[in-house]
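Asks: Protein chains in written order, with this note's numbering: chain A, 12 to 944; chain B, 4 to 413; chain C, 1059 to 1255; chain D, 53 to 151.
The reader is advised that the hints may include incorrect statements.
Said to hold, decoys possible - Covered by chain B, according to a simulated footprint, are these stretches of chain D (three or more residues, beta-carbon under 8 Å):
| # | stretch |
| --- | --- |
| 1 | 110–117 |
| 2 | 129–141 |
What the hints assert, rightly or not - Lysine to aspartate or glutamate pairs mimicking DMTMM-like chemistry, simulated, CA-CA at most 25 Å apart:
| # | chain 1 | residue 1 | chain 2 | residue 2 |
| --- | --- | --- | --- | --- |
| 3 | A | Lys829 | D | Asp81 |
| 4 | A | Lys830 | D | Asp89 |
| 5 | C | Lys1218 | A | Glu692 |
| 6 | A | Lys828 | A | Glu625 |
| 7 | A | Lys829 | A | Glu692 |
| 8 | B | Lys312 | C | Glu1191 |
| 9 | A | Lys828 | D | Glu84 |
| 10 | B | Lys151 | A | Glu686 |
| 11 | A | Lys830 | D | Glu74 |
| 12 | B | Lys95 | B | Asp404 |
| 13 | B | Lys312 | C | Glu1246 |
| 14 | A | Lys578 | B | Asp404 |
| 15 | B | Lys95 | A | Glu686 |
| 16 | B | Lys95 | A | Asp910 |
| 17 | B | Lys62 | A | Glu489 |
| 18 | B | Lys151 | A | Asp589 |
| 19 | A | Lys851 | A | Asp776 |
Claimed, not checked - Computed list of chain C residues with no C-beta within reach of chain A, every gap over 12 Å:
| # | residue |
| --- | --- |
| 20 | Gly1086 |
| 21 | Gly1091 |
| 22 | Asn1100 |
| 23 | Asp1104 |
| 24 | Gly1119 |
| 25 | Gly1134 |
| 26 | Gly1163 |
| 27 | Arg1179 |
| 28 | Glu1183 |
| 29 | Thr1195 |
| 30 | His1202 |
| 31 | Val1205 |
| 32 | Gly1207 |
| 33 | Thr1231 |
| 34 | Pro1238 |
By construction, these hints were calculated from the structure, which means they are not laboratory data. Using N, Cα and C, we set each Cβ at its ideal position, and we do this for glycine too.
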Amino acid sequence: MSFSFDGGQRRGFAGDTLASALLASGERVFGRSIYHDRPRGIVAAGRDEPCAYVQLGEAGQSEPMQQATRVEIVEGLVAAPLAGIGSLAAEADPDRYDKVHAHCDVLVVGAGPAGIAAAWAAGRTGARTLLLEDDSALGGQLLGVAAESPGAAGRTWLDEKLAEIATFRETRVHTRTIVSGLYDGGSVYALETRIRPGEAGAPGVSARRLWQIRARQLVLAAGALERPVAFSGNDLPGVMLAGAARMYLNRFGVRCGEQAVVFTTNDSAYSAALELHRAGCTIKAIVDTRDDPRSVFVSRAREAGIDVRSGSAVAVAHGGDGIEAVTVGRLLGESSVVSELDALDCDRLLVSGGWDPQTQLLRQVGARMVAQGASSGFGIETPPPASTLAGACNGTFLLGTTLSEGPAAGERAALAAGFRAEPVVVPDVAEPLEEAPRPVFFVAPPDGDLSSCYVDLHRDATVDDVQRAVGAGLTSIEHVKRYTSAGTGAEQGRTATVNVAAVTAELIGAPLTEVGLQSARPPIIPLAFGAMAGRHRGDLYEPVRVTPIHSWHVEQGAVFEDVGQWKRPLYYPLDDEDLDAAVLRECAAVRAAVGMVDASTLGKIDVRGPDSVEFLNRVYTNAYENLAVGACRYGLMCTLDGMLFDDGVVMRLGEEHFVATTTTGGAAAVLDWMEEWLQTEWPDLDVYLTSVTEQWATIAIVGPASRDVLGRLTEIPLDNESFPFMGIRHGVVADVPARVSRISFSGELAFEVNVEGLSGLAVWDAIWQAGQPEGITPYGTETMHVLRAEKGYVIVGQETDGTVTPVDLGMDWIISKKKSQQFVGKRSLRREDTARPDRKQLVGLLPHDHKVRLPEGAQLVLDQSEPVPMRMVGHVTSSYDSVALGRTFALALLESGSDRMGETVYAPLEGRAIAAEVTGPVLFDPENERRDG
Amino acid sequence: MSIEHARADHFEHPSELWRASEPRASYDVLVVGGGGHGLATAYYLAKEHGLTDIAVLEKGWLGGGNIARNTTVIRSNYLWDESAAMYEHSLKLWEGLSEELEYDLLFDQRGVLNLAHNLHEVREGIRRVNANRLNGVDAEWLDTDGVKEFCPIVNTSSDLRYPVLGATLQRRGGIARHEHVAWGYATRASQLGVDIIEGCEVTGIDVAGGRATGVQTTRGPISANKVALVAAGHRSVLAEMAGLRLPVQSHPLQALVSGLLEQRLGCVVMSGAVHVYVSQAHKGELVMGAGIDAYNSYAQRGSFHVIEKQMAAAVELFPIFSRAQMLRTWAGIVDVCPDASPIVGLTPIEGLFLNCGWGTGGFKATPGSGWTLAHTIATGEPHRLNAPFALDRFAHGRLIDEHGAAGVAH
Amino acid sequence: MASSAPSEPRMAPLSGWESRFVEASESGVVELGERPFLAHVNLRLDPSNLSARARVRETLGVELPLSPNTVSDGAGHAALWLAPDEWLLVGPTGSEGEIVGSLQGALAPYHHSVLDITANRTTLELVGSRAREVLATGCGLDLHPRVFGPGRCAQTLYAKTQLVVWQIDDVPTFRLLVRPSFAPYLAEFLCDAMLEW
Amino acid sequence: MLLISCPWCGERDEVEFHYGGESHIAYPDDPEAITDDAWGEFLFVRNNPSGEFRERWLHTHGCRRWFNLLRDTSTHEIVRSYRMGESADQSSGAERESD
Ligand SMILES: Cc1cc2nc3c(=O)[nH]c(=O)nc-3n(C[C@H](O)[C@H](O)[C@H](O)COP(=O)(O)OP(=O)(O)OC[C@H]3O[C@@H](n4cnc5c(N)ncnc54)[C@H](O)[C@@H]3O)c2cc1C
Ligand SMILES: NC(=O)c1ccc[n+]([C@@H]2O[C@H](COP(=O)([O-])OP(=O)(O)OC[C@H]3O[C@@H](n4cnc5c(N)ncnc54)[C@H](O)[C@@H]3O)[C@@H](O)[C@H]2O)c1
Ligand SMILES: Cc1cc2nc3c(=O)[nH]c(=O)nc-3n(C[C@H](O)[C@H](O)[C@H](O)COP(=O)(O)O)c2cc1C
Ligand SMILES: [Zn+2]
């Protein structure tokens, strides 16, 4: 397979990672480091890789900061090395992203020996089991052991179990799926790679899938990762983790190095040394920190003729663009200092500082850590509820123990989820015992210069940096992290954080447990924003709500505005009219003849029951007992603190039956609010509330000719006597059963026709046809707003902002004065501040210059010559050019407004001030002479 | 592609920071809470009022609360006069703060855009710009093209679900590096003689005869003439120790960063309808805030759906973020007042002072809040700037409602 | 599953989507279509009122289920539990007037609410061996046969859309009852998700 | 994402619910008879403990019932859910299975 790296063509094999393919081709220098600009090679074989980062792909698929150790080779892959910082694609991302919800009884994280065994044990009980593995292959560390090693027996057993798992109906296994976040309530997020970078996908198939999982029980089997040691020059290309070298050898057939030195604090690196030795690599020496290691591994190494240097450490790695030699010495006592130096030539240095259990997932939900003596890493003190650990992440490093711990954990988890089966039998793995490690976290170079002893290769942080932090007075590990930035890189310091803690502990003389590890947070590895957005992009970003009449508006070329999630026509331009021109025309048409508007988005709540009146009396500021059946009334709703919250018309359809309308944006909130009072405070009221917003399409026919137009479509008598203002009539309009009310939001004679939503378009069309003789004009929200403003009617959210009471709006007439009526928010209206006479009140404004329109949102002052900061006394809430008035006008909230009639206020704008006269808010037809036609 | 040698900035902190102290038996003033506001309070008490017998008590590691977790948006373009005065005072202090503290705070006045996506937001944006101008706060209104010009990577296409109709711009707004602020204040306060005591949790407040006389801590009792509670999300719990009930609720607020990226975003962008606020830190990570989690919590973590929503919004507004990588998420505990404005000043208990309710937006106020609280503690009277932010406003009703106009309250 | 021809002047909320549905569907795997115009009647009643419940049974031939999130069938009607005192009655197209009329009469002595809400929701049908998976792309309900199944219903969310999920058989077939204003968004989302299978 | 047990519908994702803050707040018997201070306290002051908290939620996208939850704000552990009108220590629908 061929791929491109750093502009050159390379070859690799199927199954290779970018890292293994590059190592196979003899690559040592991978790229440069972020701050110190030093050459860096490949250090690890998995998620812990600190150096080998690439920018993948091209154009819209260009993806920053991917670990070469996790990228699979596919034909045509394009990769370029990065120095710790990536770049964003300039083009749009063409990929698809999917999300799925999943539920399971037992979720097993990681398919190493522990995880496979656990999933098998859980799955065989019939529990719904999910086994998720980040790697492309199952097996974990066992993928990296030589065929002849004891682990191989375990592998055979596990292969059998995997075959069995495949027969379990309720167990699913997914590779290339990384569990990234653990949250409350057993909620788990995992990301599956379905199309590998560079791979051509099938049509419709998403590149990534975000799994949103609810797990009753969690088994963490995420394994352990090998830790390096910090010494001078430990960042040179060619210095790598011993386990990684072993993985490259046994899994990928890549032998790292001709002449290697192994530096270890424990037995695990001996297997790497022996296997490399057998593969033909010269092991110059095994440098072991332990004074007298005697395990089987050690004797095997000695038998193989390998020089084992006990009680020793590597203090310096030398070289230019790669390691050439090391300085080795004997460790002095318990310290990190060496003496009796010796130099060894080599082209590789394989390091094992010990193994760190991977417990980040549990720590994300607050599990506390403890330093584990022998393993020298950190473990979990107590697993969070509904979770268990198994295998290396639990500090269990022997395969034999893992193979009994895994099934036990799986079984326990299944049992806790309510599933049981016969106890499992696990194989005996003949495995030599390991000897205790001697943890060494860093080694001081003979010259004492700590500035090239790297603790975090990714972030270029050194032991010297940690020392500076501690020297500056910092003792908390979180401070050290922030001072040095160690652990804050793309892999979140997987190879770094324990060493930083250990160095800090040594420098401040505190125990490691007390120093602790820096916090772990989601995600486990960086996740692409797009993958988390999933389908919620473009058209699917958020619902677009439309009325049954929407297609007509679209055909007529309406310009829409967003009101909450709804699309509402703002205006209907003819030819190349702009907003202003269209609105003037629409307004003129309504005032002169007739217009029609789609009001279907208004919220509608059906209120029914013997206590309906009492209920409405409590939620609205006015009273409803004297509202006649067949009539409607305008009402206001306040929040508890007395501020206007929503408004609408309440229709009485029967003695115990009402329909309340709400604003478009307020529909859901008002219903929730009403239910809250009903269910929590007034459960004794017998009232049922039902949302019927979309049952009805609502069409308002407005203007002096509205009666004529409607009259052509209905038998309902429409004259003033039979059908007075604020009346409601039932009948048939355009052959469809309808409820018609005489409500006017414009001051004109108007009828609001409500029909079943499914017939909304047909009725709209019929009205449109019927109105042709008068040139019926469809109008949008902007015209609606002008018409109502001319009449001084307010819009909640425009004249109000959550700080305005009905009294401020001059609507005392809608506030019940009856002592017995205790509506919500009433008490607040007489608090010291809400009762102040100099509050901002609704007024009308007439600009001195009839042609000048005040900008909505303009602030008002009394003295335009005052220097900044000026004393503001109010602001313009609505402002329009009016055909009916032949001039511009505005509504405003103005301090002591009702006392300022006739005064002049100023709106200081950039470079000018607009002067306007204060008037009452009702500017058009104050006598309401037009509404009866 | 210029990825070859793109390199991030590297910042070297000073080699001497604050001095760690052991608690003494008594102090003149105790500041409870070693976050930005507490440290600023101590610093201004020492610097402006010459008081130095002060200890800052911090239960965990200094600066590890919300100041370690915030998205560092700094602006002063608030709607109401009271807020504008307070935040503008703060912004003026920011403008000289790196020099004053002799610590590079990476304060960068790169401009803050507040996008408007519907006509309502346009109206409110213009209203705020006008109010800001008359209050002496710099503010501009940009139309869609202006937004595109100022921040080319914002998606200003009219096909957007909620298209960008315009934005307010405060050019003097920007970002600063959060930990530098905490460490800068701590270091200077320490140099002026303030004791900074970490790992010292206040567990009780001693009140005798209607006045505060000291505190109980995990490191023993400490007596004092004056006690200031400046503990952000934890303030209700603390206040209750003194028998005070406060109108604040504590919620998780999450934030996140991407991995390091070459600089592409030269300003701060905030959006209400498409809920995003984002900036790119000097190192190169995108710093992004999420919405507040609905429920009360002290667990310092939130729910993932909040993050998902955030990511969708980010990709919607910035299509080129689609393949940016979310590196780390975290949460703070924010204390929110019913009117989204803080409480700074006196309490009914003599000698007990309060600074709370900064909610989702108090980082920007750190200097101003510390400065006014220091004034209040030193003189026993609120400063003109913090007088409107008194506790009793909830009784008489003179709230300072910053919900509406702020949209995204950061 | 072709939607019945709209009886003038009614228009289905997703009329015009038919070809889109056909395109996204794959027989036997997963298919999507609209089933508009089914009669929907909302019923509110005190569940402890035995005689009222008996009258519903007598009138419609269907028992009101008391177990949350379940459906009972009878005499061509289905009763979906929506809340402890709320049911959705679903009947054949055109029967809403009759259901409302007969129930209002039968329940007159009791505090109740009977409302024709036929136009308040439309119905999508998602059918096929992969229907569960498709639904799981946006819906957090556990739809596993051990937990959900024929005769179950739930009010929940799919993506950002509120809906009633109602499983009617083992195929499985799911009915998704959704507000007309949200229907295009839901349909679009489902069609996109169906591309995965 | 919290897993919240509606006393009727059983366990559902947090996104189906709407949070309503502290529960069991007594509405003043006669609001007109109390002082501005007392009214202000009723309006704005709520407990805000770190630990167990009785709060109310609405199953907005489900059965539309308001109900109570006893939840630990320091761990997010949900101790119990119970219906309106019940008290926190009465055992209730919370323990029932979801079917
Ligand atoms: C995610 C997030 C994003 C934000 N984004 C912004 C933004 O962009 N712009 C902005 O202006 N603001 C923002 N904020 C808000 C801002 O962070 C806070 O308003 C501000 O930091 C609070 O003040 P502080 O720094 O003093 O608080 P903190 O840093 O929280 O300080 C309080 C300290 O008190 C300590 N404490 C608590 N209890 C005790 C006790 N009993 N004894 C002793 N010590 C105690 C705590 O440990 C803590 O260190 C954001 C907040 C969050 C969480
Ligand atoms: N000799 C030693 O000192 C030593 C030390 C450590 C491990 N080991 C050996 O390693 C093996 C450990 O077995 P094990 O099963 O515990 O661990 P493992 O490392 O073999 O397997 C863990 C698996 O979990 C996967 N994983 C980790 N995090 C994940 C996530 N978030 N999402 C999805 N997948 C994730 C990994 O990719 C890996 O495949 C044993 O064979 C043991 O002997 C030996
Ligand atoms: C402005 C800002 C930028 C950050 N940048 C990074 C970063 O680049 N890498 C990283 O790992 N964390 C970064 N963090 C997050 C911190 O590591 C940490 O999560 C946060 O301070 C909260 O602390 P905690 O997670 O320890 O609780 C950043 C935080 C902030 C506030
Ligand atoms: Zn429910």
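Asks: If you check each hint against the structure, which ones fail?
Replies: 1, 2, 5, 10, 11, 14, 15, 16, 19, 22, 23, 27, 29, 30, 31 and 34
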